[in-house]
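Residue strings, one per chain:
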Amino acid sequence: MSSKINHHHHHHRFNTQIFPPPCPHLAEFRARNGSKPFRALQDCLRVKPPGGRAAIRRDPSEVPRCGACGESARPRLYACLACAAISCHAPPGPSHAAAHATSMPPGHEIAVDVDRAEIFCCACRDQVYDRDFDAAVVLSQTATLKSATIQSAKPENLRKRRRVDYRPWSPDIRDRVLMETGSSPLENGSDLPRGLRGLNNLGNTCFMNSVLQALLHTPPLRNYFLSDRHNRYYCKKKNGVSNSNAGGKRNVGTADGHGNKNARLCLACDMDAMFSAVFSGDRTPYSPAKFLYSWWQHASNLASYEQQDAHEFFISMLDGIHENVEKDRHKPHSQGHGDCCIAHRVFSGILRSDVMCMACGFTSTTYDPCVDISLDLEPHQGGSSKSVSTKTHHSCNGEAGVSQTMSIRKLPLVSCFHIKRFEHSSIRKMSRKVDRYLQFPFSLDMTPYLSSSILRNRFGNRIFPFDGDEPDASNEMSSEFELFAVVTHTGKLDAGHYVTYLRLSNQWYKCDDAWVTQVNENIVRAAQGYMMFYVQKMLYYKASENRAVS
Amino acid sequence: MRNSVNRPPTPDAAEDPGKEPTLQEIINIKLIESGEKERLMELLRERLIECGWKDEMKALCRAFIKKKGRSNVTVDDLVHVITPKGRASIPDSIKAELLQRIRAFLVQAAV
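Residue numbers (my numbering), protein chains in the order written: chain R, 966 to 1515; chain H, 142 to 252.
Everything labelled a hint here was simulated from the structure, so no lab data went into it.
Beyond 10 Å from chain R on every Cβ pair, some chain H residues (computed):
hint: 1; residue: 202
hint: 2; residue: 206
hint: 3; residue: 244
hint: 4; residue: 247
Straight-line distance between alpha carbons at most 30 Å, and here's what the computed DSBU-like set of lysine-lysine pairs gives:
hint: 5; chain 1: H; residue 1: 199; chain 2: R; residue 2: 1013
hint: 6; chain 1: R; residue 1: 1502; chain 2: H; residue 2: 207
hint: 7; chain 1: H; residue 1: 208; chain 2: R; residue 2: 1502
hint: 8; chain 1: H; residue 1: 195; chain 2: H; residue 2: 178
hint: 9; chain 1: R; residue 1: 1013; chain 2: H; residue 2: 171
hint: 10; chain 1: R; residue 1: 1502; chain 2: H; residue 2: 199
hint: 11; chain 1: H; residue 1: 178; chain 2: R; residue 2: 1013
hint: 12; chain 1: H; residue 1: 199; chain 2: H; residue 2: 236
hint: 13; chain 1: H; residue 1: 226; chain 2: H; residue 2: 178
hint: 14; chain 1: H; residue 1: 199; chain 2: H; residue 2: 226
hint: 15; chain 1: R; residue 1: 1013; chain 2: H; residue 2: 195
hint: 16; chain 1: H; residue 1: 226; chain 2: H; residue 2: 236
Bear in mind the structure is a predicted one, so any value in this text is a computation, not a measurement. Glycine included, every Cβ here is placed at the ideal spot set by N, Cα and C.
Between the sequences and the hints, there should be enough to build the whole structure, so can you do that?
So, in C-alpha cells, the structure goes:
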C-alpha cells in the first residue's frame, strides 16, 4: 500500500494492475485521514447474499434520507465520509451532495453511494476509486472479518505478449519466381475440398482414424505441418547425426523393420508424412500404417488390435508429439503456455481453481494446464467432483466445508470437449456406456467461463486486493469458437464404431474410415457427440520470438 | 464515521411540523421495511439482464466514452446521456410485470 500518492503519475501499478489515479480531493482526504474512515465504513457494509451486492447502512433497517430535502426515494444518495451526512444527487436537479461539499469546510468532498458502496467526489462530480476501500468491500463480500491471506501459485511464464497488427503481404517478383519454380499447380475442378481423404481401417483402428481426421483438419495444426514447420527429412537427418545424444527413454535401438537401428521415433514426422499424403490431391483412401506403428511404440501398453478409446488415443498422441519434438530443448508443459511443442501450442489452455473455505473466506487459487475439457453427462455418484465438499480448511476447523469455483484463465486455440460416455466403475467391476443424447452448439462463446467474467460476476467492478492478474485482453477479444469436427461413437462399449464429421467451407462431411460422404448439418446435430472440436474464430498474431522452429 | 467532529444536526424522523408525509413516501417506506423493494429490485435486475437491456446500456456507455475520450467523461455525464434512452427502451412486459407486483403488494399491505 502506498502511503504517499504522487499526483504526477498517470498510472499506478500495484501487483501489475492499473487503476485510475485519485482526484486531488480524494488524495487530500487520504493524506489527512488515512484509511480509518474506510475501516469504520466496514461496520456499515451490508452484503446481500443473492448477488453479493454491497450497500451502506448504519443499521440494517435504516431508510436513508437526504439531510437537506428529506427525500428517501432518490436514485442516488451519498453519505459524506467525513460527517456521515446523507445528501441526494440528482442532476440536472439540485445536488445537495455538491452543496454539502461546498458549504462545509474543506474535507467533506468525498462521499459513498449508500446503495452501491462506491465512492464519489462531490466536488469533481465523478466516481473515484480507492484500493483500500474496494479491498474493504471485497473482503466483506467474501464473508470474512479478519484479513485473509491468499495463496496464488501462478505459472512463472505467464507473460503478456505484445500483439502485433496485421500487415498485409504480397509477393514481389522474386518471390513469385521462387513460388512458381518450386511448386506444381493443384488440379482444379474438384468438387470436394482439399485434404478430404478416407483412412483405411487397419483392424479396429476407427478410434485412431476418427481422431486423425479431426486433427488433419484442425486449422492451426494443419497450417503448421503444411507450411513445413516440421520437416520430416530434416528431422530424421538431424537425429541420424546426433544419434548418440538421442538416448531417450524409448527404445531407440530397436529396429524399425528395415534393420535401421538409427531410426528414431518421431510422431511429428509421421504426422508430417500423413499431412502431405492426405493433402496431395490423391483421393484414394490412405493407410496410416507407419503412424500406427509409431504410436504403438510410444504407447506400448495400448499396442494391440483391440478397439481403444478415441479420447485416450488423442491424449496419448499429443503427449507423443510433445515428447518427440524438441527433445534436446525439452520444455515442460507444466506452465500451460504452449511454448513446448505444436500440440500444446494448439490445444493447451489454463484452468483456474479457487477453493474457498465457507467459514473464514480463506481462498486458495491454483492454475493447471489442460489440453481438453472433459464433461460429465450425469451427476456423479461418489465421484471426484463431490469430494471437494468433504474437504475442510484445516486451520480454521470450519465445518462449513469448501466451495470450488472453476474458470478458464487462458483459452486454447482449439478447444476439445470430451463427453464422458464410458464409465468404468472399479467398485462395481463393470463398465457401461452412457448413450444419452447431448445437444451441442455449432458456435460457442466462452466469455462467461473465463476467470475474468466469473470473478467479475462475484465482485462487480472492484479492484481485487488479492488478484494480481491483469485482465487478459487477448481472452476478451477471442472468446468465440466455431465447431469444425465431431467425433461420434455408436454402438456398445465393447462393440462400437467411431465416425468423424468434418465441417469444411460450411459443408459437413462424414468420415467413416475409408468412406467420405457429404451430409446435411442436421445429421451432425442429431449425432451422438463424443469429442467436439472448436477453433477460435479469430486468430491473432503475436510478436515473434527468435527461436528456431522444429 | 462515529467520532466525526463536524456532524450536522440529526434530521428529525418526522418532517417539519405541518408537513405530512406524501403517499409516495409512505409507499416507499412500506416497500423498504417489508423487504419487498429489495425483491423487486432483484427481479428488475434479472429481467433487464435477460432481455439484453443491460448490455445495450453498457454498449451505449462504451460508445459515448470512446467518442468523448476516457478522461473527459464523468459518471454524471454518462447518467445524463443514457437515462432518457434507458427509460425509453425498457420493454413493456417488464413494466407490466413490476406494476403488477407493486399493485399486489399494495393490496395486501392495505394502503
